[in-house]
Amino acid sequence: MSRLVAFAAIQGGYNVVSKVEGEYQQALETFEAGTKVGFPNTAYYLPVIYSLTGIKIETLEDMQKPLDFAKKLLPPHIKGKNHLPYLGSLLDAGMATLFAFELQEALKILKNPDVYLPSAEEIDEDSGKVWMGPADDVIMRKRGVEFVDGSAPGFAAIVGAAPDAETAKALVEDYQRKNLYIFLAANQNGTTVAEQLLEADVQIGWNTRIVPFGREISSAIFALGFANRAAMAFGGIEPGDYKRILKYNKDRIFAFVNALGDVNAEWAGAAAGCVNWGFPTIADTDIPEILPTGVCTYEHVVANVPHNEMSQRSIEIRGLKVQVTEIDIPCAFGPAYEGERIRKADLHSQMGGGKTQCTELVKMADMNDIEDGKVEIVGPNIGDIKEGDTLPLGIYVQIAGREFQDDFEPILERQIHHLVNYIQGVMHIGQRDISWVRVGKPAVEKGFTLKDIGVVLHAKMHQDFGKILDKVQVTLYTKQKDVDELTKRARAEYKQRDERVENMRDEDVETYYSCTLCQSFAPNHVCTVSPERTGLCGAYNWMDCKASFEINPTGPNQPIEKGECLDKDLGQWKGVNEFIYNASKGGIDHYNFYSIVFDPMTTCGCCECVAAVLPSCNGVMTVNRDYQGETPCGMTFTTLAGTIGGGASTPGFVGHSKFNITQRKFIRGDGPKDKEEGGLLRMVWMPKMLKEEIKDRVDSRAKELGIPDFLDRVADETVGTTEAEVMEFLKKKKHPALDMDPIMGS
Amino acid sequence: MAEDKKVEKKKAAVTKLDKAKKAYDPKEATICEATRQMLEKSQRDGVETAYDRAFDMKACPIGADSACCKHCSMGPCRLNAKDPYGKVGVCGATIDTFQARNFARMVAAGAAAHTDHGMSMLDVFREVVKGEIKDYKIKDPVKLESVAQSIGIETEDRTVGEIAMDLYEELERTYTQVEGEIPFMKRVPEKTLETWRKLGIVPRGSMREIMEMMHRTHMGVDQHYENIARQFSRTALSDGWGGSMVATEISDILFGTPTPVQADVNMGCLKEDMVNIIVHGHEPNLFETMLVSVNDPALVESAKEAGAKGINLCGMCCSGAEMLSRHGIPHAGNFMSTEPILITGAVDAMAVDVQCIKQGLASVAKCYGSYLFTTNPRCHIEGAEHIEFVEHDPKACTDEVVVKAIARFKNRTAKVEIPNIKNAGIHGFSHEYIEYMLGGTFRASYWPLNDNIINGRIRGIAGVVGCTNPRVKHDWVHVEMVKELIKNDVLVLQTGCSQISLAKAGLLTPDAAYMAGDGLAEVCETVGMPPVLGLGSCVDNSRILIAASAVVKAGGLGESIADLPAAGAAPEWMSEKAISIGQYFVASGVYTIFGVTFPVTDQTKFKNLLFQGMEDQGLGKWDFAVDPYEMAHKMIAHIDKKRSALGIDKARERVLMSMDDRRTLE
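Protein chains in written order, with this note's numbering: chain A, 86 to 831; chain B, 22 to 687.
Any given hint could turn out to be false.
Stated by the list, open to error - Under the rule of at most 30 Å between Cα atoms (straight-line distance), these lysine-lysine pairs were calculated in the DSSO-like manner:
1) A/LYS332 <-> B/LYS663
2) A/LYS164 <-> B/LYS292
3) B/LYS671 <-> B/LYS655
4) A/LYS141 <-> B/LYS330
5) A/LYS150 <-> B/LYS79
6) A/LYS332 <-> A/LYS448
7) B/LYS62 <-> A/LYS328
8) A/LYS166 <-> B/LYS443
9) B/LYS62 <-> B/LYS574
10) A/LYS531 <-> A/LYS653
11) B/LYS48 <-> B/LYS292
12) A/LYS166 <-> B/LYS330
13) B/LYS292 <-> A/LYS156
14) A/LYS773 <-> A/LYS816
15) B/LYS48 <-> B/LYS671
16) B/LYS207 <-> A/LYS164
17) B/LYS212 <-> A/LYS328
18) A/LYS531 <-> A/LYS573
19) A/LYS670 <-> B/LYS164
20) A/LYS157 <-> B/LYS330
21) A/LYS448 <-> A/LYS328
22) A/LYS157 <-> A/LYS141
Said to hold, decoys possible - Chain A regions said to be covered by chain B (calculated; three or more residues, Cβ under 8 Å):
23) 241–255
24) 272–284
To be verified - Selected chain B positions facing chain A (Cβ under 8 Å, derived; list incomplete):
25) SER141
26) LYS436
27) VAL437
28) GLU438
29) ILE442
30) ASN473
31) GLU546
32) LEU686
In case anyone wonders, no lab produced these hints; they're calculated from the structure.
In this text the structure is predicted, and so the values were computed from the model without any measurement.
C-beta atoms are modelled at their ideal positions from N, C-alpha and C, and glycine is treated no differently.
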């Protein structure tokens, strides 16, 4: 009976809007009308209202307009007999409810600025701070990328509470196995799923993909704010273009609501609102259902679903296909556990991390020399040591396959980090010869041994790279002598590989690769990846693209014959131009690989850094997405990315990866005339954290360019965030950019 | 019922009323209780109505077969419908030429009626925009903008006046243009338009098409039925996508786009203790101004002084249906109730404008001392008083009607008997509201409708429209056919007199969903809508065309209107306008079935062209049946045929999307 749902949702809409109106009036009595309001560290204001109406709420008085709008959306109540159609009304009442919720949350933060943890990845259980609230843009972009690349196919917004902690845990773990994010909001008679999970000893926070937004139903708005920011940041949709924002959500963000416990009018209003996004509600109670399809892809409201079927039914109702990796190990496995920590108190044993040596190496082998699926432990295993002990560890993976090339070795080796991390209760940090594996007590209690690392690597490598390999054999060394030997051999390999990559030049290859991996989220954007211009998301270099193409010839990475070189300095090729012309459906007919000033490459919302020209400093600055502060170009990272990230080519701005800064071709077209590859010398400002992160590589490039102390001459936020402050610093430090031709000149 | 259900032979209905008795039986003549009651009273009172005349006068059998030609004085010639190719007319014209020319002239007359109505609306619009007419204004600027945008008029940063003037000039081309395509061709689904271009039937301008149609059907001009048919398709399209559509859109802009209202229909809307005024006809102007007059405090006061509780305004026929949709003004009955309602004695004045005004009204009105006022210069009736309605000073006419009605109330002599029957329903489903209804402010779209057609909850869409006709049991064919359709999960869109038939039967209420099949009922329940949607007057059939185009555009149901699982019907039709409407639906790609009778001779090439050949050309086609159940099932069979062509005749699979699937999305 949709009529009952409509009746309840419209009632709910009226309740919520009038309640919030009251709170707003009260706030106006307490605070000045011009008091700043909003969610912390975001360029998207109150994101649901901003994305759907274009209204920017910055001060308390700005809230009047959306509140009036919400009131106007409230439809007439439903008459008992001969009522008018109510589906449109129901959706409008839902939207009014959600607008009011967003205003209510902003008021809550105004009154109590510390109520949430918007910039934290984890909850602060010790000080009793469980509720995370509106994730700031840094978290949104970091996590959003997982939605983009498919490692998180969607999210389950769970409201209320399960009948008991065990049920809550089972449900949430079901979703974790399916790689979904789990957003938690609202309480059922004071009980919440978040608290039930804590009771059941489940780690919650962004790192385990279980995000407790708030205790009240109004906090469910943060899930929608996250989704709509993704639509703007990655989908490149303009705020106010509500039709496209909502369609983007329906088509690309696979989210749904699980209502646990009794559904009251306010919940009904919220659920009705979510239908506008194409997000259905699946409930465990006997509420009226809405089964005909259309606004959502399939059913709109489904009731009475048993908890053990809830995750499966939910993803089917949402129309989502999820691949669950079943691997024969005693622990749960999946990306949801990648961010899980092993705390000191839970630690059973560890390998590497400065205590012992821990090294990993992937090598190609002859088909006849290895046995597929063989996992051998040479030396003591977990069972042989005591709690608190350490072991040295060598993870040696041998791979054979008709399609396998030694170029693919580092790509597969890099998988070890996250694959081992996917094991629940096991943590992996670092790579190569500085790896560190921490094993938790719960994992050992479940029966985890080192062999399981081998089982995981074998199974997942077959699953993900089956096209290019036929056999995988894993040997785990835990004797000091063997590990030392492996380490010695590995270091020689690393050196050789690094040199090979280091020496790979754009000139040396005829084929570049396209990357449309993110088109599931950023449909307008096409990256082109060359050896000296890695993907702007930082995740894909040329070799990765090459391997990906071998694995999946019709996949997101396609070879591009670069063809005739049209401009050597700026980096423009005929074949690439033709490709992007077709791929952008005629929208873009050319761009340059090596310039920020002249028709730079297009940028999408996934970029790691955004560089911007600082005309009065005669140089460029760049900012990475982890840096929240102001920059000398007058915009924060998130504003920059939001402005240029729609798949457009914007002269003066370009998105790039961190690694690209120290690649030789980095904006070489804008560099000094007398140096072939001196684009880096235009760099006048970077956040301190970025400088520190890439210091070694910058130093070695700077040495090549003849200015070994170059990095010291680059300003950061401790110097200032205005061009004037930066300029003063540059002059003092004699920054080389000051002597170059005008950057925007001629 | 079993007898009724029996498939009747063609034209059986014409002689259906019992000849043996001296008078017809009102119970057999109508299923409308109020009308029946009044017909019984008419028999008691000795007053003659169309029901009597239809009973007394057999329809001309040669005319019914379209087998005669009176286009020149070498004739009139008549051919033998039993042996259609046995002989030809004096000039040598064949039975196919006879039929095609007769049919073409019906289309031309019907199209002329709609386009002249539309042009009058456009005249008013122009004068309003220029500020010459001050009693009306642009009430719906949102609609103004959207109509302007739909035909490529720039609206950004422009005033309402500027947009309106451009719109006027552009839409004038609908009538006066001599070459090219009429403006609303921009709204036609591309594939449908392509078919028309290929066949050479895209209308240039309605005046030109109607003129050419009349020329071609003159003696000794076009004598190939296929060529004549192309021109009558073009003429009909200039009505549906031209004159009628302009009438609808301009009326919405001037008087507001309808959104659903709950309103009453039937004769019980008359009030014994009030001054009752009925407006009957087709153009909304007269009615809109009448609404102003009946609310004029001075006139209300004067009514009270005359002993009335107030002034009660009701509509009938199509302008009634428009006012019902826009303002919830009660509707007293459809075409075949216009004489019977005068028999109540309660009607103090009936003001009429154009179309479907029976001359017989004058004598019935006289019997009961009711006023019958003609108001339009195009329509005078001998024996009726004429008060001309002039848009530049509209209240002069309507005030006078009210004053005279008050006078009649004061001096009522006839005994008043009002059938105490009123039926509530939900009316006023415009194209714009349907979009809103299916997705709210933010997700407005036809997609949920398409989706539920694709998944089979809704089997298809039927447009059931048109007149009522004393040659069949009044309202019965409409009601039974629509019930059968919804029972089989076909969503029904309605206009005109048919909508009133169903409203009287209670099918325009959300509760009527219980009569629908499970799938349709579920969708009705979800949306909160009745299984039968009333769209307004007969010119508002253009709303059905726009809705059909929107369904095509929403996707998943083919590329042209002809691909849709949809059908049209006019089960009790009588007017030439109905033939024009039918033809523009057929030309637009819709299977269209008529009841009562059909003006063709069996086993002729012309009939075959209408009933099959047009479909082969990529258009829709005509069909004919008298029995409502047979009609419904013929429509359903066509809908099923289209479903199977679209590949949606089997259960839909649930598609689960992977990341790769998402990447390939547009």
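To see whether the hints hold, each was checked on the structure:
| no. | hint | in the structure |
| --- | --- | --- |
| 1 | A/LYS332 <-> B/LYS663 | holds, 29 Å |
| 2 | A/LYS164 <-> B/LYS292 | holds, 26 Å |
| 3 | B/LYS671 <-> B/LYS655 | holds, 20 Å |
| 4 | A/LYS141 <-> B/LYS330 | violated, 55 Å |
| 5 | A/LYS150 <-> B/LYS79 | violated, 69 Å |
| 6 | A/LYS332 <-> A/LYS448 | violated, 46 Å |
| 7 | B/LYS62 <-> A/LYS328 | violated, 59 Å |
| 8 | A/LYS166 <-> B/LYS443 | holds, 15 Å |
| 9 | B/LYS62 <-> B/LYS574 | violated, 52 Å |
| 10 | A/LYS531 <-> A/LYS653 | violated, 59 Å |
| 11 | B/LYS48 <-> B/LYS292 | holds, 25 Å |
| 12 | A/LYS166 <-> B/LYS330 | holds, 28 Å |
| 13 | B/LYS292 <-> A/LYS156 | violated, 39 Å |
| 14 | A/LYS773 <-> A/LYS816 | holds, 19 Å |
| 15 | B/LYS48 <-> B/LYS671 | violated, 44 Å |
| 16 | B/LYS207 <-> A/LYS164 | violated, 40 Å |
| 17 | B/LYS212 <-> A/LYS328 | holds, 26 Å |
| 18 | A/LYS531 <-> A/LYS573 | violated, 34 Å |
| 19 | A/LYS670 <-> B/LYS164 | violated, 33 Å |
| 20 | A/LYS157 <-> B/LYS330 | violated, 37 Å |
| 21 | A/LYS448 <-> A/LYS328 | violated, 51 Å |
| 22 | A/LYS157 <-> A/LYS141 | holds, 19 Å |
| 23 | 241–255 | violated (count 0) |
| 24 | 272–284 | violated (count 0) |
| 25 | SER141 | violated, 32 Å |
| 26 | LYS436 | violated, 33 Å |
| 27 | VAL437 | violated, 28 Å |
| 28 | GLU438 | violated, 28 Å |
| 29 | ILE442 | violated, 16 Å |
| 30 | ASN473 | holds, 5 Å |
| 31 | GLU546 | holds, 6 Å |
| 32 | LEU686 | holds, 6 Å |
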